[in-house]
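The whole structure should be built from the sequences, with the hints applied where relevant.
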Amino acid sequence: MTLVPARGLDHDVAEVQVVAGSSGDLYRRAAEVELDLGEGPVTQALLGGHPVLVPEVGASDGWRWPAWEARVQNLGIGAVHAFPLQLGAARFGALSAFHGRPFALVPAVAGLGVALAALTTELLLDRAARTDRSGRPGGLPPLGDDLDLRIEVYQAQGMVMAALGVTMAEALARMRARAFATGKDLPAVAAEIVAGRLDLSGDGTR
555 MTLVPARGLD HDVAEVQVVA GSSGDLYRRA AEVELDLGEG PVTQALLGGH PVLVPEVGAS
615 DGWRWPAWEA RVQNLGIGAV HAFPLQLGAA RFGALSAFHG RPFALVPAVA GLGVALAALT
675 TELLLDRAAR TDRSGRPGGL PPLGDDLDLR IEVYQAQGMV MAALGVTMAE ALARMRARAF
735 ATGKDLPAVA AEIVAGRLDL SGDGTR
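All residue numbers for the sequence shown refer to my numbering, where the first residue is 555 and numbers rise by one.
Don't take every hint at face value.
Listed next, the in silico SDA-like pairs over lysine to any residue satisfying Cα-Cα at most 25 Å (straight line) [as the list claims (entries may be wrong)]:
| hint | residue 1 | residue 2 |
| --- | --- | --- |
| 1 | Lys738 | Leu754 |
| 2 | Lys738 | Arg728 |
| 3 | Lys738 | Leu673 |
| 4 | Lys738 | Ala717 |
| 5 | Lys738 | Gly750 |
| 6 | Lys738 | Glu724 |
| 7 | Lys738 | Ala749 |
| 8 | Lys738 | Ala723 |
| 9 | Lys738 | Ala727 |
| 10 | Lys738 | Ala662 |
| 11 | Lys738 | Ile705 |
| 12 | Lys738 | Asp753 |
| 13 | Lys738 | Leu679 |
| 14 | Lys738 | Leu726 |
| 15 | Lys738 | Val720 |
| 16 | Lys738 | Ser755 |
Label pairs and their in silico Cβ distance ranges [as the list claims (entries may be wrong)]:
| hint | residue 1 | residue 2 | range |
| --- | --- | --- | --- |
| 17 | Phe734 | Asn628 | 22 to 30 Å |
| 18 | Gly719 | Pro656 | 19 to 27 Å |
| 19 | Gly602 | Pro656 | 40 to 48 Å |
| 20 | Arg583 | Ala731 | 21 to 29 Å |
| 21 | Thr721 | Leu677 | 34 to 42 Å |
| 22 | Gln627 | Phe734 | 25 to 33 Å |
| 23 | Thr736 | Ala621 | 47 to 55 Å |
| 24 | Ala621 | Ala742 | 16 to 24 Å |
| 25 | Gly578 | Ala621 | 31 to 39 Å |
| 26 | Ala658 | Ser755 | 13 to 21 Å |
Simulated from the structure, these hints should not be mistaken for lab results.
Predicted model, so just to flag it, every value in this text is computed and none were measured.
All C-beta atoms in this analysis are idealised placements derived from N, C-alpha and C, irrespective of residue type, glycine included.
Structure representation (structure tokens):
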């Protein structure tokens, strides 16, 4: 995975990206392709504020990001999935996963990507706040007892988003509406979605 923070969307995204971390040199090079070209799924995730899933690089015959597709294919990348780091309308970067072969995410795994991006955003914001207060870089914030609940809510939000083709905000709104209608709290609704007992696209059960 590669973290690509941006200073702000009032600048040209292609000019402000920087690869802040990567799990390997190949994935760093793949992420840096977008720095050179200013196009690709990570850039689109930053601009659009929603996950951009490319299960098979090259399947579009180059109509979407022609230069990007050719470059990453030459590197041996088969799939890319990018998740924006954001709080409300403010976006700070993107978390991307690269695969050496075509790879489509099922809703549960897409939901996990959304959860990881949300948690990464929390960690970055907490670290920035600690740095501002102390003048020194902060360490990772302590994760409270509600970590598992937050992950499950984020994962369920991603699953609803992927299954229904809606935005992250609408997915969360649907989950909250179901919680209100049934008298349950949001974590309880999220747990049912993750477990496969609740489907918000139809009558709510399966």
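Against the structure, the hints come out as follows:
A threshold of 25 Å between alpha carbons decides the hint, and for Lys738 with Leu754 the separation of about 15 Å falls inside it, so the pair holds. For the proposed pair Lys738 and Arg728, the alpha carbon gap of about 13 Å is at most 25 Å, so the pair holds. Under the criterion of a C-alpha separation no larger than 25 Å, the hint pairing Lys738 with Leu673 is consistent with the structure, at around 24 Å. The straight-line distance between the Cα atoms of Lys738 and Ala717 is roughly 22 Å, inside the 25 Å bound, and the hint therefore holds.
Distance check on the hinted pair: Lys738 and Gly750 sit about 17 Å apart at the alpha-carbon level, within 25 Å; holds. A distance of roughly 19 Å separates the Cα atoms of Lys738 and Glu724; the hinted pair therefore holds under the 25 Å criterion. Using a Cα cut-off of 25 Å, the hinted pair Lys738 and Ala749 holds, with the two alpha carbons roughly 16 Å apart. At roughly 20 Å between alpha-carbon atoms, Lys738 and Ala723 fall within 25 Å of each other, so this suggested pair holds.
Between the alpha carbons of Lys738 and Ala727 the distance comes to roughly 14 Å, so the proposed pair stays at or under 25 Å and holds. For the given pair, Lys738 sits about 22 Å from Ala662 by alpha-carbon distance, which is consistent with the 25 Å threshold. Restraint check for Lys738 and Ile705: the C-alpha separation of about 18 Å stays at or below 25 Å, so the hint holds. A hinted pair counts as satisfied when its Cα atoms are at most 25 Å apart, and Lys738 with Asp753 qualifies at roughly 15 Å.
Between Lys738 and Leu679 the CA atoms are separated by roughly 30 Å; this puts the pair beyond 25 Å, and the hint is violated. For the given pair, Lys738 sits about 15 Å from Leu726 by alpha-carbon distance, which is consistent with the 25 Å threshold. With a C-alpha separation of about 23 Å, the suggested pairing of Lys738 with Val720 holds against the 25 Å cut-off. The suggested pairing of Lys738 with Ser755 holds, with an alpha-carbon distance near 18 Å, which does not exceed 25 Å.
Range check, Phe734 to Asn628: Cβ separation about 51 Å, and the 22 to 30 Å hint is violated. At roughly 20 Å, the beta-carbon separation of Gly719 and Pro656 lies within the given 19 to 27 Å, and the hint holds. Distance hint check: the CB atoms of Gly602 and Pro656 are about 23 Å apart, inconsistent with the given range 40 to 48 Å. For the pair Arg583 and Ala731, the beta carbons lie near 44 Å from each other, so the given range of 21 to 29 Å is not met.
At roughly 23 Å, the beta-carbon separation of Thr721 and Leu677 lies outside the given 34 to 42 Å, and the hint is violated. About 47 Å separates the C-beta atoms of Gln627 and Phe734, a value inconsistent with the hinted range of 25 to 33 Å. For Thr736 paired with Ala621, a C-beta distance near 49 Å keeps the hint of 47 to 55 Å intact. Distance hint check for Ala621 and Ala742: the Cβ-Cβ separation is about 47 Å, which falls outside the suggested range of 16 to 24 Å.
Restraint check, Gly578 to Ala621: a C-beta distance of roughly 23 Å breaks the suggested window 31 to 39 Å. Taking the beta carbon of each, Ala658 and Ser755 are about 19 Å apart, inside 13 to 21 Å as hinted.
In the structure shown, a violation is registered for the earlier hints numbered 13, 17, 19, 20, 21, 22, 24 and 25, in ascending order.
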